[in-house]
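Colleague: Okay, here's what each chain looks like letter by letter:
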Amino acid sequence: MHPSYLGVFLTFARNSLIRDMTFRTNFIIEAISSVSWMIMNLGFYTLVYQFTPSIADWGKYEFFVFIATTMFINSLVQAFFMPNMQELSELVRTGGLDFALLKPIDTQFLVSLHRVNWSSLGNFFVALLLLAYSLPRIEGLQLSPWQYLLYPLYVFLGVWILYSVMIGLAATSIWLGRNQSLYDFWFYITNFSRYPMEIYDGPWGTPLQKFFTFVIPILVVINVPAQLMAKPLIDADWWLAGFAILATVFSLIASRWVFKLALRSYRSASS
Amino acid sequence: MSAIEIRGLRKSYRVYQKKEGLWASLTGLFHREYREVDAVRGIDLDVEQGEFVAFLGPNGAGKTTTLKLLSGVISPTVGQARVLGHVPWERENSYRRKFALVMGQKNQLWWDLPAQESFRLHQKIYRIDPTEFDRTRDELVDLLEVRHLLGQPVRELSLGERMKMELTAALLHSPDVLFLDEPTIGLDVIAQHNIQKFLKHYQQQRKITILLTSHYMKDVAALCKRVVIIAHGDIMYDGSLAGIVDRFSGHKELTLQFADDRMPSDLARYGEVLEIVEPKARLRVERGSIAEVLSAVLANHSVEDVSVEDPPLEEVIAEMFALTADQSRESRDANRQPAQSVTQSS
Amino acid sequence: MHARVATWWTILKICVEERLVYRGDFALGTLMRFLPIVTQIFLWSAVFVAAETKGIKGYSSTDVIAYYLLTMLARAFSSMPGLATGIARQVREGEIKKFMIQPIDLVSYLLLARIAHKLVYYLVAAGPFALVYYLCRSYFPGWPTPEVFVVFVCSLVLSFMLGFFLEASMGLIAFWFLEVTSLLFVYMLFTFFFSGHMFPLDFLPEPWSTIVDFMPFKYMAYFPAAVFLGKVEGPEMWQGLAIQTGWVLLFIVVCRRMMHAGYARYSGYGG
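Protein chains in written order, with the numbering used here: chain W, 1 to 271; chain V, 272 to 617; chain U, 618 to 888.
This is chain W alone, in the form it adopts within the complex:
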């Protein structure tokens, strides 16, 4: 008999909401801060587009769709996974992980989702507004039902890829036992995913682009859904969309493997 994972997840979400509501001021501050952070980012790109009509073939409104996609994916990752990954090392330190290991439910599921940071979803709505504002302003863009269908799917896949990178890093730090700075890698690595992949060009850029597409597939996270929406895929890009599915499956399997390895070492190393 398997526990009802959906039921457990909904209870996590509900409990987190109750908790967030008891610290209401904090909740509002967090929501506002993450939104204003993104608005500032938007301000920066507005400024940049004062000086150029396009960046690597992305026009201003196309790029805004790119930013909206970044916001969708980041807000989902921050809402569902980030607080849990930050807590994981704390759980290891305080021994709280022991309790997670006792429960008749998958441990990775439990530690990945037990807290939901609702305030981060504020950006999700800002992203919706931004998308609605930018899409009609892109010249010559004809939206087909396919795009509306595939866009959320690829946003979803992007979230899973980022999650895999995140839990992979978090698990590795359990495994190594001491390296806290591994977690910082996450920010530095994912930083690369926030730009159109076409900007990585030239003798240094091309290898970088290949690395972050095929080895750590974070460049497909935002690029694929954003291209799909803002610049309906030209023939050459269909392989990339197919590859994104493959990359997601592969990342999830790899991160699960690392997580299990980390747990095994935790079990044999602690007393």
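Among the clues, some could well be false.
[To be verified] Simulated crosslink set (SDA-like; lysine to any residue; CA at most 20 Å straight-line): (1) V/Lys395 to W/Leu110; (2) U/Lys715 to U/Leu736; (3) V/Lys395 to W/His114; (4) V/Lys395 to W/Leu47; (5) W/Lys231 to W/Tyr133; (6) V/Lys377 to W/Glu90; (7) V/Lys377 to W/Tyr266; (8) V/Lys395 to W/Thr107; (9) W/Lys260 to V/Ser346; (10) V/Lys395 to W/Tyr266; (11) V/Lys369 to W/Asp106; (12) U/Lys671 to W/Arg256; (13) W/Lys60 to W/Gln78; (14) V/Lys395 to W/Phe99; (15) V/Lys369 to W/Phe99; (16) V/Lys369 to W/Leu141; (17) V/Lys377 to W/Thr107; (18) V/Lys395 to W/Gly7; (19) W/Lys60 to U/Glu669; (20) V/Lys377 to W/Leu110; (21) U/Lys848 to U/Gly759; (22) U/Lys674 to W/Thr46; (23) W/Lys260 to V/Glu361; (24) W/Lys260 to V/Trp360; (25) V/Lys369 to V/Thr402; (26) V/Lys395 to W/Leu10; (27) U/Lys674 to W/Leu47; (28) W/Lys60 to U/Thr670; (29) V/Lys369 to W/Ser4; (30) W/Lys210 to U/Leu652; (31) W/Lys231 to W/Leu141; (32) V/Lys369 to W/Thr107; (33) U/Lys674 to U/Pro758; (34) V/Lys395 to W/Thr11; (35) W/Lys60 to U/Leu729; (36) V/Lys377 to W/Phe99; (37) U/Lys674 to W/Tyr45; (38) V/Lys395 to W/Leu113.
Honestly, the hints are just simulated from the structure, not real lab data.
These numbers were taken from a predicted model, which means no experiment stands behind them.
Put chains V and U on the given structure of chain W with help from the hints.
Modeller: Using the frame of chain W, we list chains V and U on its own:
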């Protein structure tokens, strides 16, 4: 069939050998020397269904490690164990639904939420039938007298109240085996007593199997008929509480009350003088010679009152731990050289 | 004798190796901080290619990159991680009492601690900084005149002081409002955007560029970098340094006043 069967269970882990000094700690960040430590060294134990067994031992004796092994949190280095027919570290969900672990120093309830929300989460995780869940929860909170606190955030509860909530959470899925690690640590006398009363009642009613570790001899005396003493990863004693004194203490305590102004000055010849508060004196006398000493005292002095008692349990146990610590240090020193060379070559 | 020398030699070698590994780890962390600059380089290269221009508001593409590299250095002086939140925590948890009875005041103590902290950091981070600057030497316009260099160094030291006293003042607000997280967030947002950390402030259109001139933030990243690159020259440069000094003096006074007022308020409440 026994509820718990342990054969040759051993758990060793590597600890970082910390050195003193700034230089050493700086270099230690990278090149670390490890030493193998046995937390549990090959224990055998059988516990029958419905027994309430206490694990006693000094800090670091391996009690908590044993409980963690039996609950499958950690895997052993070698050895076997079966709890209710399951191998704990295989961590089948069917096993995980049958037991619970409560640790007095750690809490698993959501800190900022009322306990009832954590209970509901438990219901989902353990898939407890809703009517069954309501019934069990009501029964438990009434027994523990915490119903009125269900809606309060856990962080606002006192330590004792929090422990009661932890116990409730652990028992919601009606486990057949319960592991309690220092459940009364840090509690005041009244709260300790309440928890003891509850555990005793619950265990008698449900006939569940409980393993308890505790520092408070009162917990043990109130609850457990069987006591297992662990020190340095080995089982030193397994039997009744009263048996500990017979086995480990060769002494009795003799209290004498002398008639007015007749306090003898040479009491030391009868035994070790523990305390003199005129007109009373307390002596420690070898168990075998107690009759002899008593008749000699009565013959030579005018005594108004006499009592002969076993020494306090805490003292006996402390004495025993001190003894076993010496023994095990000797045996460890003898083993140290080869153990260390193995570590460094690996 | 020979054997003993061999043993010493081995021990010495191992110790040096260990030391190097330790340094290596820390240095790696510092190098990672330059990663976001890599993406900035690609972004701005793409912008300059698309805009088909040699310069934006007087900045060539190499100037922009040199600017980012220099603001990293300025931020290494002016950023004060954990200072304001630390003060707020001490006030909230009553640890501040310790300073009210000891013969050293809070701000002086924190300043000394911060200087020590920064010195150790510079000692270790000097290597990675030098390495990156050496690798990127072609982006720099060359060594400035001794006069400019002196002003540059002075402005870095002043930016440290400005950063310290400004952020300490923010933290001291905790004497009046216990929950200062939101204020600190606004402060962080301002420093990030208006210090010039995100882009050269010269790019800002009116009225923003005038507004920025009247705020202290630009002296925490933009000003030192602009001085080095010769974007502010001659009398304007000296004037800027004077204004920076003015801001520092102002915040020293503000900080001390606030501390004493805070003490008075705190003891008035009876702790």
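Colleague: Next step is simple, just say for each hint if it's right about the structure.
Modeller: Here's how the hints hold up against the structure:
no.	hint	result
1	V/Lys395 to W/Leu110	holds (12 Å)
2	U/Lys715 to U/Leu736	violated (26 Å)
3	V/Lys395 to W/His114	holds (13 Å)
4	V/Lys395 to W/Leu47	violated (51 Å)
5	W/Lys231 to W/Tyr133	holds (16 Å)
6	V/Lys377 to W/Glu90	holds (13 Å)
7	V/Lys377 to W/Tyr266	holds (18 Å)
8	V/Lys395 to W/Thr107	holds (15 Å)
9	W/Lys260 to V/Ser346	holds (14 Å)
10	V/Lys395 to W/Tyr266	violated (27 Å)
11	V/Lys369 to W/Asp106	holds (16 Å)
12	U/Lys671 to W/Arg256	violated (49 Å)
13	W/Lys60 to W/Gln78	violated (26 Å)
14	V/Lys395 to W/Phe99	holds (16 Å)
15	V/Lys369 to W/Phe99	holds (15 Å)
16	V/Lys369 to W/Leu141	violated (60 Å)
17	V/Lys377 to W/Thr107	holds (19 Å)
18	V/Lys395 to W/Gly7	holds (6 Å)
19	W/Lys60 to U/Glu669	holds (16 Å)
20	V/Lys377 to W/Leu110	holds (18 Å)
21	U/Lys848 to U/Gly759	holds (14 Å)
22	U/Lys674 to W/Thr46	holds (16 Å)
23	W/Lys260 to V/Glu361	holds (14 Å)
24	W/Lys260 to V/Trp360	holds (14 Å)
25	V/Lys369 to V/Thr402	holds (19 Å)
26	V/Lys395 to W/Leu10	holds (10 Å)
27	U/Lys674 to W/Leu47	holds (12 Å)
28	W/Lys60 to U/Thr670	holds (18 Å)
29	V/Lys369 to W/Ser4	holds (18 Å)
30	W/Lys210 to U/Leu652	holds (17 Å)
31	W/Lys231 to W/Leu141	holds (8 Å)
32	V/Lys369 to W/Thr107	holds (17 Å)
33	U/Lys674 to U/Pro758	holds (17 Å)
34	V/Lys395 to W/Thr11	holds (8 Å)
35	W/Lys60 to U/Leu729	violated (48 Å)
36	V/Lys377 to W/Phe99	holds (9 Å)
37	U/Lys674 to W/Tyr45	holds (16 Å)
38	V/Lys395 to W/Leu113	holds (14 Å)
The structure is inconsistent with the numbered hints 2, 4, 10, 12, 13, 16, 35, although it conforms to all the rest.
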